[in-house]
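Number of protein chains: 2
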Amino acid sequence: MRFTSQTSSDGVTEQFFTLDEIPGVLWTPEAARGTRPLILLGHGGRQHKTAPNILSRARRYAAKGFAVVAIDAPYHGDRPQDEEFGRCAARMRAGMAAGENPGALVAGMHSYLAGQAVADWRAVLTAVQRLDHVGAGPVGYCGMSMGCGLGIPLIAAEPRIRAAVLGLLGVHGLAQDAARVTVPVQFLVQWDDHMVPREQSLALFDALASTEKTLHANPGKHGEVPAFEVDSSLRFFTRHLS
Amino acid sequence: MRFTSQTSSDGVTEQFFTLDEIPGVLWTPEAARGTRPLILLGHGGRQHKTAPNILSRARRYAAKGFAVVAIDAPYHGDRPQDEEFGRCAARMRAGMAAGENPGALVAGMHSYLAGQAVADWRAVLTAVQRLDHVGAGPVGYCGMSMGCGLGIPLIAAEPRIRAAVLGLLGVHGLAQDAARVTVPVQFLVQWDDHMVPREQSLALFDALASTEKTLHANPGKHGEVPAFEVDSSLRFFTRHLS
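Protein chains in written order, with the numbering used here: chain A, 604 to 845; chain B, 604 to 845.
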């Protein structure tokens with residue numbers, strides 16, 4: 604793990620790093636020492652590790668004492684492109700323009716990325732928890748949309764993750780992995796989502812095997828999650844990871 | 604308004620009162636002086652103003668600085684019975700036993716009570732806000748199940764109510780009044796409710812005209828709302844009434 608920059612502002616330290624080929628950012632409370640709970644932040648499709656919603660969420664969580672890490676998903680952000688991925692993305696866009704089932708198209712894309720994304724996250728989790736100011740505390744995962752589509756296979760495979768905030772995605776392609784998710788989940792639905800049909804979202808919530816799971820639905824389109832849901836996720840992680 | 608008893612414990616003062624024929628309880632922070640936000644608590648069917656879930660919620664809100672008032676709904680708690688209501692309740696139970704649509708049966712019962720319940724609440728609200736330690740601050744309403752069924756007509760009619768926590772009820776008989784509710788709403792659904800079909804709950808959430816409304820769904824049956832939802836409602840009222 605190689606740190607490439609470090610800055611601090613408003614009580615939060617931000618460290619850019621690479622682990623093998625994976626570019627990432629770690630946020631911790633300024634001058635943090637010792638073990639603390641860690642939140643993994645998975646970004647959405649065509650976004651990256653410092654997209655505005657990732658940055659603001661990360662700084663909010665870190666200001667409350669958490670360590671927070673975000674990485675670029677495969678073929679996103681600062682990572683090298685891939686011809687096959689480019690064709691896959693073009694097929695998805697063409698299919699959507701042609702009115703094909705968006706759930707199936709998105710699921711195909713996520714499935715193409717999931718194997719690598721899960722391996723990346725597991726390596727990053729191991730490396731980050733070796734740092735003195737993070738340590739092997741409880742771990743949470745937060746990801747919407749593609750961050751949910753890659754997060755569910757990760758949580759199904761990774762026993763270190765003890766709570767998750769997920770949502771903005773339907774059940775297509777995820778039912779089997781969702782049935783292996785047993786940790787507490789806060790699940791977000793946008794009631795007027797133009798990309799994810801409502802019944803597909805509710806079916807993914809249903810498919811999660813967790814005995815403690817809460818669905819939060821708000822009016823608005825795919826990206827219009829209200830700001831108070833960030834506060835709500837913070838309290839959820841505080842309850843389950845502290 | 605006539606106070607019949609007053610006790611204080613754990614920083615909360617509890618005052619039983621009657622206003623005309625309406626028996627009620629007012630909770631305020633101990634030694635409270637001056638105007639504060641007020642929450643009206645509507646109990647469920649066959650419950651009353653000091654049912655355990657009402658008491659614990661009231662004390663929780665009052666400990667955080669709110670004034671809280673609960674009254675017995677018509678023909679509930681300490682209020683006189685009524686032959687017609689008895690027949691109505693018996694018809695409802697018989698209909699349910701015979702497999703009739705429970706949404707329609709429950710709606711019939713609520714509709715029988717709503718006119719009186721709305722008038723009672725409006726009179727109590729006026730009287731309570733005249734007290735020095737309550738005053739004319741912002742007002743919220745919280746009611747589940749029958750408390751929701753009587754609360755929606757109340758909120759539709761009562762411009763002093765500025766935010767509401769509702770739920771555990773379907774749309775039957777409420778669509779018109781729900782379309783007149785425009786204040787922020789937090790709406791609870793029990794995902795495995797044996798008394799309210801899920802799609803009927805979602806339809807009531809849909810029918811609310813509020814631009815800010817959040818649905819919280821949790822696994823479990825009708826009465827099994829998790830304790831963290833009380834905390835969540837407290838933050839909701841704090842956000843909208845403070």
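Each hint should be verified, as a subset may be incorrect.
Since the list can't tell identical chains apart, any single copy or any two copies may satisfy a pair.
Stated by the list, open to error - In silico DMTMM-like cross-links for lysine to aspartate or glutamate, where the CA-CA straight-line distance does not exceed 25 Å:
(1) Lys667 to Glu832
(2) Lys824 to Asp834
(3) Lys824 to Glu617
(4) Lys824 to Glu802
(5) Lys824 to Asp623
(6) Lys824 to Asp809
(7) Lys824 to Glu761
(8) Lys667 to Glu686
(9) Lys824 to Glu703
(10) Lys667 to Glu633
The hints are simulated quantities; they were obtained by calculation from the structure and are not laboratory data.
Hints versus structure:
no.: 1; hint: Lys667 to Glu832; result: both (16 Å within a copy, 22 Å between copies)
no.: 2; hint: Lys824 to Asp834; result: within (20 Å within a copy, 27 Å between copies)
no.: 3; hint: Lys824 to Glu617; result: neither (31 Å within a copy, 45 Å between copies)
no.: 4; hint: Lys824 to Glu802; result: both (15 Å within a copy, 21 Å between copies)
no.: 5; hint: Lys824 to Asp623; result: neither (37 Å within a copy, 49 Å between copies)
no.: 6; hint: Lys824 to Asp809; result: both (21 Å within a copy, 15 Å between copies)
no.: 7; hint: Lys824 to Glu761; result: neither (31 Å within a copy, 31 Å between copies)
no.: 8; hint: Lys667 to Glu686; result: neither (41 Å within a copy, 58 Å between copies)
no.: 9; hint: Lys824 to Glu703; result: within (20 Å within a copy, 38 Å between copies)
no.: 10; hint: Lys667 to Glu633; result: within (11 Å within a copy, 32 Å between copies)
Checked against the numbered hints given earlier, this structure breaks hints 3, 5, 7, 8; the rest are met.
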